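> So the chains spell out like this:
Number of protein chains: 2
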Amino acid sequence: MQKLIFTNEVGQALAGLVGELNPAGVFFLADSNTRPIAESLNAFGAKVIEIPAGDENKNLQTLASVWEVLSTSGATRRSLLVNVGGGMVTDLGGFAAASFKRGIRFINVATTLLGAVDAAVGGKTGVNFLHFKNEIGAFAPADAVIISTRYFSTLPAEELRSGFAEMLKHGLISSGETYRRLLAFDIADADLEALLPLLEENVKVKEHIVEIDPREQGIRKALNLGHTAGHAFESLAMERRRPIPHGFAVAHGLLVEMVLSNLLLGFPSAELHAVAALLREAYAMEPVRCGDYDALIELMRHDKKNSSRGVINFTLLNRPGDPVIDSTADEDTIRAALDIYRELLGQ
Amino acid sequence: MQKLIFTNEVGQALAGLVGELNPAGVFFLADSNTRPIAESLNAFGAKVIEIPAGDENKNLQTLASVWEVLSTSGATRRSLLVNVGGGMVTDLGGFAAASFKRGIRFINVATTLLGAVDAAVGGKTGVNFLHFKNEIGAFAPADAVIISTRYFSTLPAEELRSGFAEMLKHGLISSGETYRRLLAFDIADADLEALLPLLEENVKVKEHIVEIDPREQGIRKALNLGHTAGHAFESLAMERRRPIPHGFAVAHGLLVEMVLSNLLLGFPSAELHAVAALLREAYAMEPVRCGDYDALIELMRHDKKNSSRGVINFTLLNRPGDPVIDSTADEDTIRAALDIYRELLGQ
Numbered sequence: 006m007q008k009l010i011f012t013n014e015v016g017q018a019l020a021g022l023v024g025e026l027n028p029a030g031v032f033f034l035a036d037s038n039t040r041p042i043a044e045s046l047n048a049f050g051a052k053v054i055e056i057p058a059g060d061e062n063k064n065l066q067t068l069a070s071v072w073e074v075l076s077t078s079g080a081t082r083r084s085l086l087v088n089v090g091g092g093m094v095t096d097l098g099g100f101a102a103a104s105f106k107r108g109i110r111f112i113n114v115a116t117t118l119l120g121a122v123d124a125a126v127g128g129k130t131g132v133n134f135l136h137f138k139n140e141i142g143a144f145a146p147a148d149a150v151i152i153s154t155r156y157f158s159t160l161p162a163e164e165l166r167s168g169f170a171e172m173l174k175h176g177l178i179s180s181g182e183t184y185r186r187l188l189a190f191d192i193a194d195a196d197l198e199a200l201l202p203l204l205e206e207n208v209k210v211k212e213h214i215v216e217i218d219p220r221e222q223g224i225r226k227a228l229n230l231g232h233t234a235g236h237a238f239e240s241l242a243m244e245r246r247r248p249i250p251h252g253f254a255v256a257h258g259l260l261v262e263m264v265l266s267n268l269l270l271g272f273p274s275a276e277l278h279a280v281a282a283l284l285r286e287a288y289a290m291e292p293v294r295c296g297d298y299d300a301l302i303e304l305m306r307h308d309k310k311n312s313s314r315g316v317i318n319f320t321l322l323n324r325p326g327d328p329v330i331d332s333t334a335d336e337d338t339i340r341a342a343l344d345i346y347r348e349l350l351g352q
Numbered sequence: 006m007q008k009l010i011f012t013n014e015v016g017q018a019l020a021g022l023v024g025e026l027n028p029a030g031v032f033f034l035a036d037s038n039t040r041p042i043a044e045s046l047n048a049f050g051a052k053v054i055e056i057p058a059g060d061e062n063k064n065l066q067t068l069a070s071v072w073e074v075l076s077t078s079g080a081t082r083r084s085l086l087v088n089v090g091g092g093m094v095t096d097l098g099g100f101a102a103a104s105f106k107r108g109i110r111f112i113n114v115a116t117t118l119l120g121a122v123d124a125a126v127g128g129k130t131g132v133n134f135l136h137f138k139n140e141i142g143a144f145a146p147a148d149a150v151i152i153s154t155r156y157f158s159t160l161p162a163e164e165l166r167s168g169f170a171e172m173l174k175h176g177l178i179s180s181g182e183t184y185r186r187l188l189a190f191d192i193a194d195a196d197l198e199a200l201l202p203l204l205e206e207n208v209k210v211k212e213h214i215v216e217i218d219p220r221e222q223g224i225r226k227a228l229n230l231g232h233t234a235g236h237a238f239e240s241l242a243m244e245r246r247r248p249i250p251h252g253f254a255v256a257h258g259l260l261v262e263m264v265l266s267n268l269l270l271g272f273p274s275a276e277l278h279a280v281a282a283l284l285r286e287a288y289a290m291e292p293v294r295c296g297d298y299d300a301l302i303e304l305m306r307h308d309k310k311n312s313s314r315g316v317i318n319f320t321l322l323n324r325p326g327d328p329v330i331d332s333t334a335d336e337d338t339i340r341a342a343l344d345i346y347r348e349l350l351g352q
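Chains as they are written, first to last, in this note's numbering: chain A, 6 to 352; chain B, 6 to 352.
Just so you know, these hints were derived from the structure itself, not from any lab.
A few of these clues could be false.
No copy is singled out in the list; a pair is fine if it fits within one copy or between any two copies.
Only pairs whose alpha carbons sit at most 25 Å apart, straight line, appear in this in silico BS3-like list of lysine-lysine [to be verified]: (1) LYS52 to LYS209; (2) LYS52 to LYS310; (3) LYS309 to LYS52; (4) LYS209 to LYS8; (5) LYS310 to LYS209; (6) LYS8 to LYS52.
Every value quoted in this text rests on a predicted model; they were computed, and no experiment measured them.
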């Protein structure tokens with residue numbers, strides 16, 4: 006059972022958890038940005054393993070470097086790894102722990118909004134491989150996740166926006182009210198105090214879904230809303246060596262999939278305009294061109310969520326709060342949706 | 006639940022399983038030795054992925070090459086991987102499946118005695134890393150395991166002996182009768198028909214233990230008998246680029262740990278002589294030298310079964326059929342045991 010702790014007293018919470026888990030040794034994993042946070046939390050004389058920041062480093066080579074430090078520093082099966090960072094660190098660190106000596110325990114300390122709302126909770130771990138996102142990994146829940154807003158004030162605006170896109174997704178799949186509360190929040194000029202209760206409500210939406218369906222055989226697929234198209238945007242940007250923040254890709258993926266929902270299930274078109282306005286205000290991204298459609302569709306085909314070759318799976322929506330998992334769309338419909346998406350953004 | 010099928014009608018059994026599992030696509034994994042067997046079983050038009058044979062290739066590079074073929078050949082989460090081979094293929098293939106897109110289903114077809122009795126059953130998967138055996142991996146049971154003796158007749162004698170060492174281990178931890186029946190069997194001139202009932206009894210010993218304790222928190226540790234010292238022998242041989250068969254290392258590891266059991270728990274010394282005689286007859290290995298002790302003990306210290314740094318864990322025995330898990334021995338006792346082990350072998 007994954008323990009979820011909301012607190013700004015992070016050091017105290019961590020010391021309590023380590024006391025309970027009673028590991029034979031503690032290791033910290035941080036990236037070049039979060040290393041100071043890890044050092045500030047290291048009341049255990051633990052080794053701090055540093056990896057380079059950035060999703061482009063969430064790969065097999067970085068993973069192997071973490072395994073190597075664990076191996077050569079005497080980590081045992083009873084050691085504990087504390088991942089301090091955003092989604093890149095908790096995804097990679099979670100899989101490093103899940104696969105080292107066939108699995109050691111780990112704790113995630115989420116330092117970004119995106120990490121808190123998305124990656125740190127729910128047990129999806131992994132690294133990118135070739136051009137595919139999270140192609141290699143495991144379902145491995147952290148023993149505990151600590152979520153605090155104290156590290157968010159130093160985040161770049163785009164990190165906050167990135168996390169907010171995942172919050173919007175949770176709103177869209179859980180209830181119209183939650184979704185509308187989020188639309189009313191001004192993420193372009195965020196009040197972190199006001200964000201905290203929204204965040205706690207939001208993470209609990211995810212936690213509840215993951216509890217019911219940990220291995221994504223049913224309702225958990227709703228969490229993939231926005232991610233089939235979103236991953237394609239993200240992968241294309243990565244291939245072109247102009248990476249974009251995950252949450253920006255998801256925000257745009259949400260709009261594409263809301264358009265698909267409109268075309269296939271009659272999702273209300275007024276909502277498309279509301280979300281398009283938000284994207285224009287806070288999620289500026291390089292425009293999609295007609296010449297990108299083939300590459301985007303090919304990337305969607307490779308999405309690990311597809312259940313058979315050649316079919317592209319989506320989570321769609323009847324209306325806010327009413328997701329439809331295991332939906333599919335054919336290529337022509339996806340092209341039509343990309344056209345409408347571009348019109349909505351005035352591209 | 007792992008399905009365990011004993012049959013010589015392997016193709017028929019496999020077709021039945023594939024029918025039940027109804028995968029979106031089938032892939033075979035084989036090494037250069039077992040590729041013809043995989044081809045003979047491939048009634049599915051499946052891609053056969055070939056990796057180089059030998060434990061020295063059970064590494065991250067080979068693993069990544071398997072992931073790459075799966076990725077670029079359109080494997081999805083609903084694909085099935087059929088691993089055809091000995092322990093190297095089922096360990097590596099099992100982890101490849103367990104980690105590809107966070108886990109796809111897999112079947113093991115054991116083609117060696119060692120694989121049948123040890124690696125194919127029980128869900129321990131993984132690859133070697135740096136100089137450490139199975140340092141990276143997962144607990145991931147196959148959806149089904151097919152065990153047949155039909156492929157054993159073409160095995161080199163040392164493969165059969167290697168598997169027999171694991172059978173002897175199962176005898177030692179399960180019952181004095183089973184152990185004695187095995188000692189009475191002539192593995193140096195093996196009758197495969199007579200081996201079959203012994204094998205089925207033996208695999209079921211392991212299956213039963215794994216069922217009770219899949220993640221090795223208690224009684225499953227008994228299966229590690231012989232493996233703390235055995236892995237050290239095996240790793241040392243690998244470091245020196247003169248690899249020895251896993252089962253030979255285990256056979257010698259069993260004797261070292263029986264000696265430790267004698268020193269620490271009064272395990273009967275007559276059994277030491279019986280097993281030493283078997284080792285001299287069928288498990289010839291390069292003699293251990295005094296100068297090797299430090300390296301062997303250092304390797305034992307790195308064993309992933311150790312629960313904390315600096316302590317070396319063993320499974321020991323009060324007598325045949327009565328294992329004692331979570332035992333430890335200090336360095337002096339291990340040195341004394343190595344001395345006695347060498348005397349028993351006339352080194």
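> Give a verdict on every hint.
Tested hints:
1. In the homo-oligomer, the alpha carbons of LYS52 and LYS209 never lie at most 25 Å apart, since the shortest distance is 32 Å inside one protomer and 43 Å across protomers.
2. Proximity of LYS52 to LYS310 under the C-alpha cut-off of 25 Å is restricted to the inter-copy arrangement: shortest distance 21 Å between copies versus 37 Å within a copy.
3. Within a single copy, LYS309 and LYS52 get their C-alpha atoms only as close as 35 Å, which misses the 25 Å cut-off; across copies the closest is 19 Å, which meets it.
4. Taking CA atoms no more than 25 Å apart as the test, LYS209 paired with LYS8 passes inside one copy only; the shortest distance there is 12 Å, against 37 Å between copies.
5. In this homomeric assembly, LYS310 and LYS209 come within 25 Å of each other (Cα to Cα) only inside a single copy, at 23 Å, whereas the closest approach across copies is 37 Å.
6. Proximity of LYS8 and LYS52 under a CA criterion of 25 Å is satisfied intra-copy only: 24 Å inside one chain copy versus 42 Å between copies.
Consistency note: the structure conflicts with earlier hint 1 alone.
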